[in-house]
Amino acid sequence: MKFSTYLVHITGVSIYPLISLCLFVVFFFLMIYWMYSIDKKEIERIQNLPFDDHKKI
Amino acid sequence: MNQQTFHYDNKLPKYFAIACIFWGTVGMLLGVIAAFQLAFPVLNFSEFMPYLTFGRLRPVHTNAVIFAFVGNGIFTGVYYAIPRLLKTPMWNKTLGNIHFWGWQFIIVCAAVSLLMGFTTGKEYAELEWPIDILITLIWVVFGLNMFGTILTRRERHLYVAIWFFIASWVTVAMLHIVNSMEFPVSFMKSYSWYAGVQDALVQWWYGHNAVAFFLTTPYLGLMYYFLPKAADRPVYSYRLSIVHFWSLIFLYIWAGPHHLLYTALPDWAQSVGTAFSIMLILPSWGGMLNGLFTLRGAWDKVREDPVLKFFVVAVTCYGMATFEGPMLSLKNVNAISHYSDWTIAHVHIGALGWNGFLTFGMMYWLIPKLFNTKLYSRKLASTHFWIGTLGILLYAIPMYWSAFRSYFMMSAFTPEGQLQYEFIDVVQTVIPFYIMRAIGGTIYLTGVLLMCYNLIKTAKTGEFVATEEATAPALAKDYKAPANSIWHSLIERKPIMLLILSLVVVGIGGLVEMIPTFLVKENIPSIASVKPYTPLELQGRDLYIKEGCYNCHSQMIRPFRYEVARYGEYSKAGEFVYDHPFQWGSKRTGPDLARIGGKYGDSWHFNHMLDPTSMSPGSIMPSYPAMYEDVIDKASTNSKIHAMRQMGVPYPANYEAIANQDLEKQANGIASKLLIENKIKISSDKEIIALIAYLQRIGTDIKLQPNPSK
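Chains as they are written, first to last, in the numbering used here: chain A, 1 to 57; chain B, 1001 to 1710.
Just so you know, the hints here were simulated from the structure itself, not pulled from any lab data.
Keep in mind that this is a model prediction, so the values were computed, not measured.
Do not take every clue at face value.
20 Å max Cα-Cα, derived SDA-like pairs, lysine to any residue [stated by the list, open to error]:
| id | chain 1 | residue 1 | chain 2 | residue 2 |
| --- | --- | --- | --- | --- |
| 1 | A | Lys41 | B | Pro1234 |
| 2 | B | Lys1374 | B | Arg1303 |
| 3 | B | Lys1229 | A | Ser37 |
Far from chain A by the CB rule (all over 12 Å, computed), these chain B residues [said to hold, decoys possible]:
| id | residue |
| --- | --- |
| 4 | Gly1148 |
| 5 | Trp1246 |
| 6 | Ile1424 |
| 7 | Leu1511 |
| 8 | His1608 |
| 9 | Glu1656 |
Think of the CB as a built atom: it goes at the ideal place given N, C-alpha and C, for glycine as much as any other residue.
Just chain B, same shape as in the assembly (with noise of 0.2 Å):
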């Protein structure tokens, strides 16, 4: 057989190595500060600019850990495993470079857009239209690269791993574009094609399968790789890697609705979201069960290696996550947990325990390989290891601690059948344990700073090798499978139809979910009273979403008794059809705001806008004093409605030209209005009057309703 003679490159592994820690620890920095924020609310020094408050920098900390740091993670080990599992080098030396500064372009864009306020409010997604299309173009570069790589290959088979990889591709590719869908309003700016109800179905199908295929999938393709590697055996069972991959996949995928259970979604969604939930157990304990069975026999190993400590560690995480994902899927718990604590909670085991520590993990053992040398110290690594425990259980005790805490206090009525506590009371209470999980994510972040320190001195002991010299024999052209193994040869070495089987078994489960609700009029019952915003409304709404309110309140109240007492009648599905996009929101560090308007004066957000502390003392809310200087922009008034129209909201016809016209009117109430009654002066052009506007909107279309039981 002729040999071939080629070179793994071992130069992008490196620099998406290097990207992936660097992100990480700034990613994992913002983290901190944003908890430290909502103890100390000065720390949002919004009394200087507008740039740095929890709203905007919440979302630059979660898309820096999951897209600059796993994101480079995963390629980092795309970029060394496949090549070495399919004995050919990755494709295209060009397409690799693009791939890599493409993507740290994207993550520098994303994160000065996401300061400035340029955000779609869809979390996770919050990318305006331009990065989102750039983001789509770096990935098809990336794809290009992974299977012309793969259809180059010198080894038929292709290892679990690669499936894992591709599978992760193409549904990465299929959530990124059906979610981003928006019509571009202006460059930056842009309204989800979709509206409420719907919108909420297609983000939290993206958002969850984001923490699927993002998050999860491509770094069990690492876990595949890089624990036999480091532990130096075979994975425990091959075939139940494959069972792991194929019901993994296809379970995944419906599981969304559970981010919406005892919303205004349809309930037969709901349920089919709970059902898959559970039936995720399965498959996920099979891999975590695979990974662990693969060191039997090999404790004694891990007792001294700290690469297999950190491996262990995570892997033992993602059984813990995957476990308490499916409990946090059932409606009785979820009732406790949704808009809770507990979502950090459990979000924290997965990103600091299953993707820190195996990022850790395969760091601390491909850097020395990359640099022929070995490890600097293993001792720092294992006070690195002890230490990140350490910072994920002081960060994930106080969280549960302060759900359960929030959920008896906000649930608690008085004999007479009053709420015991107020919103505020409830605030104060948790105070201290934001205080303690932002301590918590300090410890974690000092071991990553070891770890910094630690691989630096590792690269400079040892010598970079750029290159690997490997040989292999050609693939056989004349290859016939060998008898018996039909289904094997008909999907597993051809890796065109492997993709094409992952689309369509990840397909199926999004459009079964999704197209009812799209298609059924009955799954949205229509309000006759509500009304499409009004210009100055909509602007206000601009506002709210560009502020990022959506990260600490919700517009959804749930129909439980301690909720409609404390926030007002639940929330219909009718009442959010023109909301392009919808902002439910996930998390309540402040109450909830779909019945706020008409529940206070004008002049009572006016003063808690500027300080909430004045309203409601022991807030904890930042102040948003650059609303009082900046002005309304009224230039993009025209083209917001037009493209509301476009989207089916009824606006009347040429409504764009008079729009500003009306905006200005309402404008001018609200300021006479402040001047009249509470001796409050404001020019009519500032932001603030448009918040105003649309904060007293939300919610009270419902309250025109006529009484249908006259």
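The shape of chain A in the complex, shown without the other chains (with noise of 0.2 Å):
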């Protein structure tokens, strides 16, 4: 039931922090590429949703 006594074993922890900074690094460039990508109406359009509530006066 212990919980430690599943995994008793890995090698390399270290490595640990590292995979998950490129990880972070490789995300981040996809992220910001994708941001660039859409295109300019469509965000004038989205960003205007909150006003768009089609409400009947």
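Relying on the hints, combine the two individually framed chains into one complex.
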């Protein structure tokens, strides 16, 4: 039942933070790329969504 | 295109808004009382009853403000904004009602059970297992209703506020489940499944991210909706909000270990926590600037409109708190701030400034809309704004001051190399600051009461609009995404995809951080002389948890000269392997107790717990007379030992059966020693005996270690 008895060994823990940093960097650049790939008109429409509640007065 | 007609429901937003303001007032009032208790211990009323001592009241305050005030604030915004952004009513009315009443029921259960002393002893996750299960169920109901709405929407695009709501929902679910893994011992009593260092890591991964994904991201969702609405102009940069979202949720989840710097947590995990905390400045400030720049060219409006005033200060406080946070995770700054009032100041900039003011702004905007009228008094709202701001300043400044004063006093040595001040000298010095802080809190609360009056008046002058009719075309089924937007259509328009992706993003951080701690044996060097608690000590430890001593005392000595000189040998990870849950604490209103065992005789503790000032003149610790009346719950010993063994604590086989014999033997020993040596008469079955046994055990195991360098 003890948690650690199931998972006793793993070697090279110090690689974990490194992997994670790389992951983040890759992720970040993909996101920047994506952000710039969005069409300008589309952006304009989306950012006005809060004002478009289509109310009948 | 065929237009469809539908109705937005305003009833649930109204209910949630009322609940938010009501619980907010209660939670803040409890905070003010707790603040005064620290200066005037008589206010603990412990002579009359055990329910209102600081150790029990503070968790009610924190839980009320986080889950009742901010929680209902989130739901108010979600139930108002999501239908309007997606052009459809909330999916299911019944689920909405269950959500509302279920959440309020949880709050009542939480308040009652915490005051009665039912607690898991883990900060901001104090609620016992039946309530934890209830929270899970209601959270699922909320999620179903939200996703049902999203899936039946009439607007293909999910506005960024909704991303924040989705990510918050999924992350809070994950945090709650992982951190609440506990082994039930009886109805309303359980032990954390994790022990010592692991428990600490999970707890602060949770604690930090509860701040991130309960107090921050959903409120950013509110900011991205209500700030543009109130200013009547779109957000400054929608592109920036995309970056803000993804980098924020990615980075936040890693930062938990910054709560455990210089503790017995492995070094590499501390470093990861610090690195990611520093990086967090970027997205947080991106978000803050995005909010403030939205008001560019509208500053003349800000001067007149109390709603915008509240928003501006809220967003500024968000920026201040998210700048301060990363600074606090630098090791040398953290050495000063940790365990001190600095942390308290920091969270209140966030809670009073960011959450409080954003909520107030939202209410001043929303209530007139719901009642189809104008705000009763703009002037009163402005007064509230100034009173509130003054309250924040009067709260925070004394706390910063007190943190530095106590740091310098605690770390001062005489030329002979002795500690210059006793702990009680420091306590005496900071009491005036505690009083000022309590006054600051009272002023802030006064502002809230003004708001209540103003909003009630507003509601009375208007008439409640229960539903609003709207029309929109149905979603086209044969929609083709424009070329060049592959990423875009892959994630942003697909809510389930968005949900899964945010789960993956936050999951990676948690896993990378935690798995190694669980896996690697070397991360927690075991110490042969560390043994499980005796049955009596275990019962005493449960009393320590029940009374919330961890709200004032830490059990974790950091490797600094001034700490080792004051408290003793610094703490090692291996000392806590049987601590389900860990009790390292986060604030030292009283001294560290990690090496209290053997420091004083039993009679000292006996007198001190009955009347702290008798042993320590000027003490602000509550007294605990009830422990001298109430008897130890021996009936629970069996199942407690059993639960511990199930979780890997090496009690001998079938020890349950004879545990109470050992308990009585040890208790009789303590009672007769008190009688013979100190002429103190006390029956050996009283709770105080168990507590003394536990206190005398803490931190003594490693002293039994054979000296390796012989």
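Quick rundown of the hints versus the structure:
1. Lys41/A / Pro1234/B: 14 Å, holds
2. Lys1374/B / Arg1303/B: 18 Å, holds
3. Lys1229/B / Ser37/A: 27 Å, violated
4. Gly1148: 19 Å, holds
5. Trp1246: 5 Å, violated
6. Ile1424: 41 Å, holds
7. Leu1511: The claim is violated: Leu1511/B sits with its nearest Cβ about 9 Å from chain A, within 12 Å.
8. His1608: Holds, because the least Cβ-Cβ distance between His1608/B and chain A comes to about 36 Å, which exceeds 12 Å.
9. Glu1656: 16 Å, holds
Hints 3, 5 and 7, counting from the list given before, are not met by this structure.
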